[in-house]
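Add chain B to chain A, keeping to what the hints say.
These protein sequences, in sequence, are chains A and B. Using the numbering used here, the first residue of the first sequence is number 1, and each one after it goes up by one. Using the numbering used here, the first residue of the second sequence is number 1, and each one after it goes up by one.
Wrong hints could be hidden among the right ones.
For chains that are exact copies, the list does not tell them apart, and a pair is met inside one copy or across any two.
Stated by the list, open to error - Straight-line C-alpha distance at most 27 Å; calculated DSSO-like pairs for lysine-lysine:
id, residue 1, residue 2
1, Lys600, Lys636
2, Lys798, Lys423
3, Lys725, Lys764
4, Lys427, Lys636
5, Lys642, Lys656
6, Lys246, Lys12
7, Lys425, Lys656
8, Lys636, Lys790
9, Lys600, Lys649
10, Lys425, Lys658
11, Lys656, Lys636
12, Lys729, Lys798
13, Lys371, Lys12
14, Lys596, Lys790
15, Lys649, Lys636
16, Lys339, Lys187
17, Lys798, Lys658
18, Lys222, Lys725
19, Lys161, Lys642
20, Lys488, Lys218
21, Lys704, Lys729
22, Lys636, Lys658
23, Lys725, Lys798
24, Lys790, Lys736
25, Lys764, Lys819
26, Lys725, Lys218
27, Lys12, Lys320
Keep in mind the hints are simulated off the structure, nothing from the lab.
Protein chains: 2
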Amino acid sequence: MKYVYLFGEGDKDMKNTLGGKGAGLHEMTRISIPVPPGFTITTQTCVYYFKHNDTLPHGLKKEVDNVLRKIERKMGKMFGDTDNPLLLSVRSGSRVSMPGMMDTILNLGLNENTVKGLIKNTGDERFAYDCFRRLIDMYGNVVMGISHGEFEEALAELKRKKGVKLDSELSSETLQELTSIYKGIIKKYGKTFPVDPHKQLWGAIEAVFSSWNNERAKEYRKLNNIPEEWGTACNVQTMVFGNMGKNSMTGVAFTRNPATGENIFYGEWLPNAQGEDVVAGIRTPHPLSLAEKEKSDSSLASLEKMFPRAYRELTGVREKLEKHFKDLQDIEFTMEKGKLFILQTRSGKRTPLAAVKIAVDMVDEGLLDKKEVIMRMNPGYITQLLHPMIDPKAKVEIIAKGLPASPGAATGKVVFTPADAVKMKEKDEPCILVRVETSPEDIKGIASAEGVLTQRGGMTSHAAVVARGMGKPCVVGCESISVDYDNKLFKKDNITVKEGEVITLDGASGRVIEGDVPEIKASFTPEFRKLLGFTDEFRRMGVMANADTPNDAKTAREFGCEGIGLCRTEHMFFGGDRIMAVREMILAETREERCKALAKILPMQKDDFKEIFRVMDGLPVVIRTLDPPLHEFLPKELESIKELARKMKVESSVIKEKVRILSEVNPMLGNRGCRLGIAYPEITEMQVRAIFEAASEVIKEGKKVIPEVMIPLVGSEIELVNQRKVVEKVAKEVAKEQGIEIDYMIGTMIELPRAALTADEIAKSADFFSFGTNDLTQTTFGFSRDDFFKILESYIEKGIMNYDPFQTLDIRGVGQLIKMGIEKGRKSNPKLEVGICGEHGGDPKSIDFCERAGLDYVSCSPYRVPIARLAAAQAKIRYRK
Amino acid sequence: MKYVYLFGEGDKDMKNTLGGKGAGLHEMTRISIPVPPGFTITTQTCVYYFKHNDTLPHGLKKEVDNVLRKIERKMGKMFGDTDNPLLLSVRSGSRVSMPGMMDTILNLGLNENTVKGLIKNTGDERFAYDCFRRLIDMYGNVVMGISHGEFEEALAELKRKKGVKLDSELSSETLQELTSIYKGIIKKYGKTFPVDPHKQLWGAIEAVFSSWNNERAKEYRKLNNIPEEWGTACNVQTMVFGNMGKNSMTGVAFTRNPATGENIFYGEWLPNAQGEDVVAGIRTPHPLSLAEKEKSDSSLASLEKMFPRAYRELTGVREKLEKHFKDLQDIEFTMEKGKLFILQTRSGKRTPLAAVKIAVDMVDEGLLDKKEVIMRMNPGYITQLLHPMIDPKAKVEIIAKGLPASPGAATGKVVFTPADAVKMKEKDEPCILVRVETSPEDIKGIASAEGVLTQRGGMTSHAAVVARGMGKPCVVGCESISVDYDNKLFKKDNITVKEGEVITLDGASGRVIEGDVPEIKASFTPEFRKLLGFTDEFRRMGVMANADTPNDAKTAREFGCEGIGLCRTEHMFFGGDRIMAVREMILAETREERCKALAKILPMQKDDFKEIFRVMDGLPVVIRTLDPPLHEFLPKELESIKELARKMKVESSVIKEKVRILSEVNPMLGNRGCRLGIAYPEITEMQVRAIFEAASEVIKEGKKVIPEVMIPLVGSEIELVNQRKVVEKVAKEVAKEQGIEIDYMIGTMIELPRAALTADEIAKSADFFSFGTNDLTQTTFGFSRDDFFKILESYIEKGIMNYDPFQTLDIRGVGQLIKMGIEKGRKSNPKLEVGICGEHGGDPKSIDFCERAGLDYVSCSPYRVPIARLAAAQAKIRYRK
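Bound-form chain A, shown alone (with noise of 0.2 Å):
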């Protein structure tokens, strides 16, 4: 096994071996970029590492040494040499991107002896002895454990000493000194930092190694779906200093705008600095261009104007990668004494209309064909691109502006903690979590909170990476307010907002705004509508949308779908006038009662329907008969019991009486779905009658209506059969009255492992099957959806589990019954019509099992309906032989 490449001897398919920012430098090399010679050891080795019980591979050492030798010879500079050292760097870099989650140790090399090499070399002795003590603190910290805190102190004490207030203030005499205090540091703790530049390299190299199991990455990865058994490739690199005098900068670049997909090149990056200076966020870093520098109204010089050799150099670069991986780069770029290096490039990360728009534009410009769009469009930036926005329209008290770092709004209490916006969290309160930064261990707050706001820190900040790769709207840099932790709050001017207080973020703006503020929601772009058109072309299955309203309805016939999967008739149950007629109807003591109460409830119910199958003229429409227990429509308060006696004009006791009787142990396994239609069938005629008078009546008006009745939760055929029959009675009553023969199906939820067990049964007496994934996979598992947080909390804590089965559907035990129920029903009717209305219906890995499984169709929230279009083309590509 080779553990060891030369940079260039891979290229940028090899990410398993070489990790991301590895095969980024390996195909750049290949391809002339100017990349710092280097090298990386494999990920491979780095689970070799694991499994043998952190010890490396025997044969590495030989390869190290091989390649060590040709970079010697290519860069004139000897590694551990007193006359012209070879620094190196040593960096993490996994198949994805884990941005600040491992570590990295810069100018490996330098002792006593090569650091009067380098001063020689660079004739900067204040420089080399910066290098020189930068190493210690971080190979103290690194390698060896240390606090930084401690290294950070005793730089603070000396500053103190000599009556500085800067570190650039410090001479190199001061930092010489200052290299022996960290020394003295390091002996402190029963180590020596070693002298032998190789042994400082390996002791690096393991370093990174380890940090694959630290605490940060493992909350990263478990956050990200990443396995552990990855590993991470070591990228060991010639140095190179941004900070090396005036002729030096270090930036990072987009070669578009990954906030707007705008095709403009853009970037930040400061002058005579480490690239670590612009990543931290610690100072603001200047535009890249000038048309940059007046768009966010900087005072900072562009590079454009600074430098404009080495920006011509970079837009070429820019050019030559996007051609080469034809998609959005990220790179980093660093100028020592004047030459460009690039020091890493991949893909960018990008909001979601940028994603969309640069898809999109490369297909216009040839860069890409439309499956290639499809295949590499991530389903996860459409639901956020669907975020809401404020409305324009509003009046809003604006509190402060800051960097536009992610996208859509957000509203919450303010906290101040990481560790508050999880309690926040715990208890379903919506919060924003304000940081003066965010560093790596903030993650849990971040993924708690409903958005991010950061006082310092630029749009590739800590915080603006992470909340962009959650879909959190973030407002970074936000200088003008401040943070004040230990009296949880933050000031702007004269005003103060304390813990508690509720805040809106717009992260399209990043305006800061007071309170709470109305939201409209997100609008199609036209590069939007034209991916969707793309998906169009390739999907298989249909989509259909689950709605209950004629609001749904039209936001779902917005975006594309091609009927109502799943319309639940309970929600019509609530509001105003209604929850009254229901609460008589299930007060009812004789069927005469029920019947009576029933009857002020059908024109309602048909109403609705009315304007559902106005709105989806043409289209299909589920219509599912009640399903929730009916104790959830009675009050559980003793005021609003007392409240509704006065109403109904019955004893109080009455209410409590009967909401006693209909209480249920385990309610989601109690009296409800077809279970209440059996029971009480005037309930099912009710909602019958009320589907086929609406549906006759509209199309009287002229319009086509296809209406589907759907029965819940059977786990029987001899369920079904009952409710059919009263389906078809009362189906056949209103035809007679109405003159007009509908269309219809009848069909059934398969939502109960029995269903899915006997669906040969069942679907003998079934139109079609919709799986209701969301209650299968309640009873498959054992969990209780209303209270399985706490246990998924605990379980992926404990690696039991890595997602979450309620967003992802279970292939091996609910993927199983789905593909029995299929197998078994389609045996025995064959013209049985098979869909998915469980939350499911809406993911795209569990829409890529729908396409392999052969579903008819999926059914999802409204706003789900453009990534379940894209993911079902996706599915049906990649499955398409």
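Same frame as chain A, now just chain B:
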């Protein structure tokens, strides 16, 4: 198709066609027992009747005419002849006996003309008119649907008018007058009593068929799982009269004592009476033999004494029937003017005690072999046999004594109407139903009561038969009490027992006792022990017990279990000091606190295990780790919370908050089972330590201990792997500490659909599976066991279900998962042991399935161990090939 069988054309194996009663009559005719000639119209004819909109098949009339002619020839009488008329009875008779549920009409063939022939033939005008008026009453009631009460009122009025008290005081003229009055009643309803005997006959036949679907028959079928589609046969038979003077009598007899099984002839009879008089329990009947008379301390003359010739003839019939049917027979006989007829024979209902004794005796007598006995034994009998008895040493206050109609002890509050019994059952309040006498309408009330007490009626009265069938303790003919329905009380001398007061019935001795009384477990009779010994010679599956306490374990071992298949550890968490320690554990905020509390529980659990291991010396004990949600251990009521807070020295708000946090919407699908052990491995650790320390210490006492650890609610292999590691770690630690290596197994419950679906994966980490069919039924159906009774009632009423899937395994659905689980499990782990430990492990029908599915063992509650042994043997014999 042949619709009609002349008696003797069919035989005893044709019950499906001829019904039970019919098959008996045919068989008796074949073996020359004196049966009044007649014929049977098949059950298929009844099925035809209902399928064709209540019309009889075309060829039927011809067939009936045909056999009727043969009967007329044999009897030398003609149906409808005015000179020497043949009279007929028409009776229902389905495959299994449904006593009193369907209709009967007697004396068919009488009208104004033929009654003259009857007078001439019998010389008894009064008798003839009495027959005639009874026919009109029955016909009006059964065929024409007029209330029997109307006829009774007319009779009462006539008696008042004539100034007499008893029916027998009415003269033949008055009875003749009564026939006119009765016909007038029928006229009032716009109908006419048919003069034509053939018209009478066909009316009666249709009425008998129709009675299959009357309300009480439907109710009885539901309670007894008798399919709707069986239909009833209709037996038409020559009338013989036990009320034709002094030389006539009628009676019923059992070939052995149906209460004790003793091999003595046992029966009751009434001189000069019709059969109905005995069954209805209106007159107290005479004993059959002298021995019986003495035993029952009856003041009435025995048949043996009064009609010695008939008695001898009857004992001959008894012997012939027993040899022929090889079973206890229940016969009806009538002597008409000195000539003995057998009207019916059927397998006699018996007490469980009798069933066992008779079966075992018959093996000794050479009538049956062991296999036949096993196959014939109703496992339900064994349940009843294990009914508790009143402690003979208990001091009891006897209120009264009646006939011991159905054994067992029952305690409950007195109610006087079947409706009240049903209400009490709904409230889960045990009750005793007290009635003057019972009628078929009372079935639901009897089913709801713990026991039944009647003032009137004999051992074969309705109440007695029904209660025996249901296994309910029952005392009948307790004539010393007087029941007062109006004031809802009964009196005996100066004792008054009011509604709601508690009494205890001793169905084995006939005692009615004041209040609640100490009871003892049923013990094995020598015959019972012998029978169970037979079963062990045949069965393949092991029978284990579900036992949580040393006491349960002792009982189970006495009943012949081969180990403990389920020892639930949580039951040990309740009681005394333990619950406090458990609550401390639950309220712990940190792992340390939790461990401290667990350390207090450890010695208590260990002691329990030690005692159980000692009892089960040499047999395996499967111990399940903690299963229920933790909040089950916390108090719910405010007062208890306050008390706990005081004891634990915390604010009650702390406990309230913890209860709130731990509460779940659907606890059955919540944080329980292995989910607890995964979240808090220290709980599993403590339990495993208790198990292995206990095992080591008991082994050191010289006993053999075979512990098996079972992990509950596993849904995926990784959960089991997680808990398996904990078990192995602790077992290893204890082995080291104790210096004893114990052979043990680790297995899992399969109680979630997902566990069955992924059994191939789970089996890789399991030494055994135990199907937890209670939970598996809940999740497969989506039924909460705690709430299910409300649904079941409606489902049985609507014909959606005909059994309780929590009692008897749902083979189609749950069974499919079990088969899948076994198959997949054994495929990946051929050594896998597979058992079942849900309620179903003690249910004979479910055990039959377990045999077919290839399970290694069943585990059930201690009291069901004998039933399981029998059912397992039966299943093995059934599927031997």
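Comparing the hints with the structure gives:
no.	hint	in the structure
1	Lys600 - Lys636	within (23 Å within a copy, 40 Å between copies)
2	Lys798 - Lys423	within (20 Å within a copy, 49 Å between copies)
3	Lys725 - Lys764	within (14 Å within a copy, 47 Å between copies)
4	Lys427 - Lys636	both (20 Å within a copy, 22 Å between copies)
5	Lys642 - Lys656	both (9 Å within a copy, 26 Å between copies)
6	Lys246 - Lys12	neither (34 Å within a copy, 114 Å between copies)
7	Lys425 - Lys656	between (33 Å within a copy, 21 Å between copies)
8	Lys636 - Lys790	both (24 Å within a copy, 21 Å between copies)
9	Lys600 - Lys649	within (17 Å within a copy, 56 Å between copies)
10	Lys425 - Lys658	between (35 Å within a copy, 18 Å between copies)
11	Lys656 - Lys636	both (9 Å within a copy, 19 Å between copies)
12	Lys729 - Lys798	between (54 Å within a copy, 17 Å between copies)
13	Lys371 - Lys12	within (21 Å within a copy, 77 Å between copies)
14	Lys596 - Lys790	between (44 Å within a copy, 24 Å between copies)
15	Lys649 - Lys636	within (18 Å within a copy, 32 Å between copies)
16	Lys339 - Lys187	neither (39 Å within a copy, 122 Å between copies)
17	Lys798 - Lys658	between (43 Å within a copy, 23 Å between copies)
18	Lys222 - Lys725	between (50 Å within a copy, 22 Å between copies)
19	Lys161 - Lys642	neither (75 Å within a copy, 61 Å between copies)
20	Lys488 - Lys218	neither (29 Å within a copy, 73 Å between copies)
21	Lys704 - Lys729	within (23 Å within a copy, 68 Å between copies)
22	Lys636 - Lys658	both (11 Å within a copy, 21 Å between copies)
23	Lys725 - Lys798	between (50 Å within a copy, 13 Å between copies)
24	Lys790 - Lys736	neither (54 Å within a copy, 37 Å between copies)
25	Lys764 - Lys819	both (17 Å within a copy, 24 Å between copies)
26	Lys725 - Lys218	between (56 Å within a copy, 22 Å between copies)
27	Lys12 - Lys320	within (14 Å within a copy, 97 Å between copies)
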